[in-house]
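**Student:** This is what each chain is made of:
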Amino acid sequence: MARSLKKGPYVEASLMRQVNQTDGKGIVRTWSRRSMIIPGFVGRTFHVHNGKLFMPVFVTENMVGHRLGEFAPTRKQTSHAGDRRLKQR
Amino acid sequence: MGVEPATQVQGSRRADVSAGPANSRAARASEDWVAVGRVSRAHGLAGVLVVVLYGEESRNLCASESVRLSLGSRNQEFSRSRSSVAPRTGRARVRLWLDGIANRNQAEAWVGAELAIPVHVLEPLPAGEYYWRDLIGLRCRTCDGRSLGRIDEIWQTGSNDVLVVRDGPRSLLIPALYDVIAKVDLESGWVSIDPPEGLLDADADAGVDT
Numbered sequence: 001m002a003r004s005l006k007k008g009p010y011v012e013a014s015l016m017r018q019v020n021q022t023d024g025k026g027i028v029r030t031w032s033r034r035s036m037i038i039p040g041f042v043g044r045t046f047h048v049h050n051g052k053l054f055m056p057v058f059v060t061e062n063m064v065g066h067r068l069g070e071f072a073p074t075r076k077q078t079s080h081a082g083d084r085r086l087k088q089r
Numbered sequence: 001m002g003v004e005p006a007t008q009v010q011g012s013r014r015a016d017v018s019a020g021p022a023n024s025r026a027a028r029a030s031e032d033w034v035a036v037g038r039v040s041r042a043h044g045l046a047g048v049l050v051v052v053l054y055g056e057e058s059r060n061l062c063a064s065e066s067v068r069l070s071l072g073s074r075n076q077e078f079s080r081s082r083s084s085v086a087p088r089t090g091r092a093r094v095r096l097w098l099d100g101i102a103n104r105n106q107a108e109a110w111v112g113a114e115l116a117i118p119v120h121v122l123e124p125l126p127a128g129e130y131y132w133r134d135l136i137g138l139r140c141r142t143c144d145g146r147s148l149g150r151i152d153e154i155w156q157t158g159s160n161d162v163l164v165v166r167d168g169p170r171s172l173l174i175p176a177l178y179d180v181i182a183k184v185d186l187e188s189g190w191v192s193i194d195p196p197e198g199l200l201d202a203d204a205d206a207g208v209d210t
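Sequence order for the protein chains is V and S. Mind the numbering: the first sequence is residues 1 to 89 in my numbering, read in order. Mind the numbering: the second sequence is residues 1 to 210 in my numbering, read in order.
Next comes chain V alone, as it looks inside the complex (with noise of 0.2 Å):
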């Protein structure tokens, strides 16, 4: 069952805080994995904890309604090199 719409997305409390401390500098730290993307959030980067590590996740507009566990992985997936490519975001 979805979340009621009433309640609103669901953002962890003292992520909010610090996001708005921030005021948009810096990198927001947070174990909060289950809390959602929210279009304030667009343009930020935070550091997701994945059980382990904090992965930066910069937060763009097609982000907005997932939840920012979703880009942490908890499991490490090796792979060769081959012939993958990085593109700069």
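Don't take each hint at face value.
With a straight-line cut-off of 25 Å between C-alpha atoms, the simulated SDA-like cross-links for lysine to any residue are [unchecked claim]:
#1 Lys87/V - Gln77/V
#2 Lys183/S - Gly40/V
#3 Lys87/V - Tyr178/S
#4 Lys76/V - Gln156/S
#5 Lys7/V - Gln77/V
#6 Lys183/S - Arg146/S
#7 Lys76/V - Ala35/S
#8 Lys183/S - Arg166/S
#9 Lys183/S - Asp152/S
#10 Lys6/V - Gly40/V
#11 Lys25/V - Val180/S
#12 Lys87/V - Asp99/S
#13 Lys183/S - Pro195/S
#14 Lys76/V - Ser171/S
Footprint (simulated), chain V over chain S, 3 or more residues, beta carbon under 8 Å [unchecked claim]:
#15 32-42
#16 49-55
#17 126-133
#18 155-162
#19 168-176
#20 190-200
Think of the hints as simulated: they come from the structure by calculation, not from any bench. Glycine included, C-beta positions come from ideal geometry on N, C-alpha and C.
Since chain V is already given, all that's left is putting chain S on it; use the hints.
**Tutor:** Then chain S, alone, in the frame of chain V:
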């Protein structure tokens, strides 16, 4: 087409990392082939190979007229007839027709082999894009000259890619963003970053890889 003596097709990534930047670049320059996938099984009776690619797509493999299969001490070059339909562009698992592999028995003999293509076939990339193989092993430093370590791995997340910079037991996770990566100098083997406030502090606290 012919059997060649067993040679090291591609330098070990670990070996590159432990060597100096000049040595690793020299080793990389001597590599004429780049491994792009692995043969997973034979398909059908006509000697078709099913190859799982390391990358997401097969554009470079499609452009290559010759490939090399390596299995244990066996290395052999094959040509691909351009008239063959497969592999199709955009697939990560492809069927491969090779001249010289004409039946299932010959195809099964190469199951588990690594598939490599010539380096010169790799398509040039636009600005802001780099092949992983070019970045891994480069040294990383801040814009003010502070050395941070060497790029050891690259992680893909759902968002930005992440460069894993290691200096001893310490790991730094650098997001591959235009705002963070100031300059990539492949010639001299350096990546300069302009870390935003808190990036290096957070990693110093929690980025110890045990």
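**Student:** Decide, hint by hint, whether the structure agrees.
**Tutor:** How the hints compare with the structure:
1. Lys87/V - Gln77/V: Given that 25 Å is the threshold and the Cα spacing comes to 18 Å, the pair holds.
2. Lys183/S - Gly40/V: violated (29 Å)
3. Lys87/V - Tyr178/S: Holds - the C-alpha atoms of Tyr178/S and Lys87/V are around 10 Å apart, at most 25 Å.
4. Lys76/V - Gln156/S: holds (10 Å)
5. Lys7/V - Gln77/V: Roughly 36 Å separates the two Cα atoms, so the pair is violated.
6. Lys183/S - Arg146/S: The hint holds at about 14 Å.
7. Lys76/V - Ala35/S: Holds - the C-alpha atoms of Ala35/S and Lys76/V are around 21 Å apart, at most 25 Å.
8. Lys183/S - Arg166/S: Holds: Lys183/S and Arg166/S sit about 19 Å apart, inside 25 Å.
9. Lys183/S - Asp152/S: holds (18 Å)
10. Lys6/V - Gly40/V: Judged against 25 Å, a Cα distance of about 19 Å means the pair holds.
11. Lys25/V - Val180/S: At roughly 13 Å apart (the allowed maximum being 25 Å), Val180/S and Lys25/V satisfy the hint.
12. Lys87/V - Asp99/S: Not satisfied, since the Cα-Cα distance of roughly 35 Å exceeds 25 Å.
13. Lys183/S - Pro195/S: With a Cα-Cα distance of about 12 Å, the restraint between Lys183/S and Pro195/S holds, given a limit of 25 Å.
14. Lys76/V - Ser171/S: holds (14 Å)
15. 32-42: holds (count 4)
16. 49-55: holds (count 3)
17. 126-133: holds (count 6)
18. 155-162: This one holds; 8 residues, not fewer than the three required, reach chain V with a Cβ under 8 Å.
19. 168-176: Answer holds; 5 residues pass the 8 Å Cβ test.
20. 190-200: holds (count 4)
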